[in-house]
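> My request is simple: use the sequences and hints to build the entire structure.
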Amino acid sequence: MEREEFYIPLPDRIRILRESGKYSQAEEKIRQELQKNPDQVSLKISLAELSLRQGRLAEGRILVEEVLAHDPQHPQALTILGDLFFKQHSPREALGCYRQAFSREPRDYLLLKAARALKEMRLFEEALQELEKVLVVKPKSLPFLREKAFILNRMKRFDQALEIFEKIKEISPADSFVQKEILRLRSRARPDAQIIKEIQAITGMDSKKDDAQMHGLLAQKLKKAGLVKEAAAEYRVASTLAPDNPYFLKQQGFCHYREKKYAEAIHCLKEAFLKDPADYVVRKTLEKSYEAQGGLERFLELLEKTLLQHPDQKSLLGTIRRIRKKLSPASSRES
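Residues in the sequence shown are numbered from 36 upward in steps of one, following our numbering.
There's no promise every hint is true.
Ranges of calculated distance between the beta carbons of each label pair, as one might list FRET restraints [as the list claims (entries may be wrong)]:
{"hint": "1", "residue 1": "Lys295", "residue 2": "Glu128", "range": "26 to 32 Å"}
{"hint": "2", "residue 1": "Lys259", "residue 2": "Ser138", "range": "42 to 48 Å"}
{"hint": "3", "residue 1": "Asp279", "residue 2": "Arg189", "range": "22 to 28 Å"}
{"hint": "4", "residue 1": "Asp279", "residue 2": "Pro346", "range": "22 to 28 Å"}
{"hint": "5", "residue 1": "Glu128", "residue 2": "Gln89", "range": "19 to 25 Å"}
{"hint": "6", "residue 1": "Lys168", "residue 2": "Gly353", "range": "35 to 41 Å"}
{"hint": "7", "residue 1": "Arg293", "residue 2": "Ala104", "range": "47 to 53 Å"}
{"hint": "8", "residue 1": "Arg189", "residue 2": "Arg221", "range": "15 to 21 Å"}
{"hint": "9", "residue 1": "Ala93", "residue 2": "Arg221", "range": "43 to 49 Å"}
{"hint": "10", "residue 1": "Glu128", "residue 2": "Glu94", "range": "16 to 22 Å"}
{"hint": "11", "residue 1": "Gln70", "residue 2": "Arg157", "range": "26 to 32 Å"}
{"hint": "12", "residue 1": "Lys57", "residue 2": "Arg221", "range": "39 to 45 Å"}
{"hint": "13", "residue 1": "Gly353", "residue 2": "Glu128", "range": "38 to 44 Å"}
Calculated from the structure, these hints are not laboratory results.
Just so it is clear, CB atoms sit at the ideal spot from N, CA and C, and this is done for glycine as well.
If you want it as C-alpha cells, here you go:
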C-alpha cells in the first residue's frame with residue numbers, strides 16, 4: 036500500500052520554512068507564487084516579512100507600500116512598516132503605524148509593539164499603561180510581563196523589576212535569561228568580586244556551562260571590575276553559544292577595543308555591523324579601530340559594501356562622504 040501524502044496549504048508551508056530559519060526556501064516559494072499571482076496581497080506581506088528578517092529593509096518597504104497604495108489601512112502592512120521604522124531607530128514613526136494598525140484590527144501584539152516603541156522614546160509610564168491593557172485581563176502573559184520588567188529596569192525601579200522576573204520564573208522556570216536577570220538584580224548591592232566568584236561557580240556546573248546568558252552576566256561583571264581581557268573571553272563563549280544574539284559579539288568587540296586590540300575588535304564589530312548597520316556606537320568604534328591601524332580605506336570599503344546591502348541606511352552616506360574627505364588630502368599628498 037502506498038504511503039498517503041498529506042497536502043499542506045501554501046501559507047502553512049511558508050510559515051514552517053520561515054519558523055525553521057529556511058528563509059531562502061520560503062522566499063523561493065513565495066516568488067514562484069507571485070509570478071502566477073502578482074497582485075496577491077498575502078504573498079507580498081509574507082515576502083516583506085522575510086525581507087525584514089534578513090535585513091533587506093528597502094525591499095520590505097517597497098512591498099508594504101505597494102499594499103498600502105491599494106489599502107492605506109491594511110493592518111499587516113502597517114505593522115511591518117512599523118517594524119521597519121523600529122529597526123531604523125525611528126520609534127515615533129513606528130508607534131504611529133502600530134496605533135493605526137490597532138485601530139483597524141485590535142490585537143494584543145500591537146499593544147506590545149507600541150509599548151516597545153514608547154520605551155525607546157523613554158516614555159516609560161505610557162509604555163507601562165499600554166502593557167497593563169493586556170495584563171489586567173491576562174496577568175500571566177509572558178511577553179507582556181517580560182517587557183514590563185525591562186521597562187521597570189530602565190526606570191531604575193529595580194525591586195519592582197525583580198518582583199516581575201520572579202513571577203515570570205514561576206510561570207517559566209527554565210528561562211535562562213530570566214534566571215540571569217534575577218541573579219543580576221539580587222546581587223546589585225553585593226561586592227563585584229563576590230558575585231564574580233559565585234557566577235564562575237555557576238558556569239562551571241554541567242547544567243550551566245552552556246548557558247549563554249550566565250556567561251554574558253559573568254562577562255558584564257568582569258568588565259565592570261576592570262578585568263576587560265577576561266570579560267572578552269566570556270563574551271566570546273556567550274557569542275559562540277548564542278550566535279544569533281549580536282549583543283555578545285558587540286560587547287566582545289568593545290572589550291577588544293578597550294584593550295587596544297584593534298584587529299580583534301574589527302573582526303567582531305565588522306560582523307555585527309553588517310547585521311545591524313544602524314548601530315551608531317558599533318560604526319564609530321569600527322571607524323576608530325580602522326583609523327588606529329591606518330586602515331580607513333578598508334573602513335570606507337566596508338561602508339560602501341554595507342550601503343549596497345542595506346540601501347535604506349541613508350545615514351551611512353554622511354559617514355562615507357566624511358571618510359572620503361578625510362582620505363582625499365592623504366591621497367593628494369601621496370601623488
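> Is the hinted range of 39 to 45 Å satisfied by the C-beta distance from Lys57 to Arg221?
40 Å, holds
> Is it true that the C-beta distance of Arg189 to Arg221 lies inside 15 to 21 Å, as the hint says?
Since Arg189 and Arg221 have Cβ atoms about 18 Å apart, the given range 15 to 21 Å holds.
> Falls inside 38 to 44 Å, the C-beta gap from Gly353 to Glu128?
20 Å Cβ-Cβ, so the 38 to 44 Å window is violated.
> Determine whether the Cβ-Cβ distance between Lys259 and Ser138 falls within the hinted range of 42 to 48 Å.
45 Å, holds
> Does the beta carbon distance between Asp279 and Pro346 stay inside 22 to 28 Å, or does it fall outside?
24 Å, holds
> Has the hinted range 26 to 32 Å been met by the Cβ atoms of Lys295 and Glu128?
This hint is violated: roughly 39 Å between Cβ atoms.
> Take the C-beta atom of Ala93 and the C-beta atom of Arg221, compute their distance, and say whether it sits inside 43 to 49 Å.
This hint holds: roughly 45 Å between Cβ atoms.
> CB of Lys168 to CB of Gly353, is that within 35 to 41 Å?
40 Å, holds
> If I claimed the Cβ atoms of Asp279 and Arg189 lie 22 to 28 Å apart, would that claim hold in this structure?
23 Å, holds
> Do the Cβ positions of Arg293 and Ala104 conform to the proposed distance bound of 47 to 53 Å?
49 Å, holds
> Range first: 19 to 25 Å. Now tell me if the beta carbons of Glu128 and Gln89 are that far apart.
Roughly 21 Å apart at Cβ, these two residues keep to the hinted range, so it holds.
> I want to verify a distance hint. Is the separation of the beta carbons of Gln70 and Arg157 within 26 to 32 Å?
For Arg157 against Gln70, whose Cβ atoms are near 46 Å apart, the range 26 to 32 Å is violated.
Hint check: violations occur at hints 1, 11, 13; the rest are consistent with the structure.
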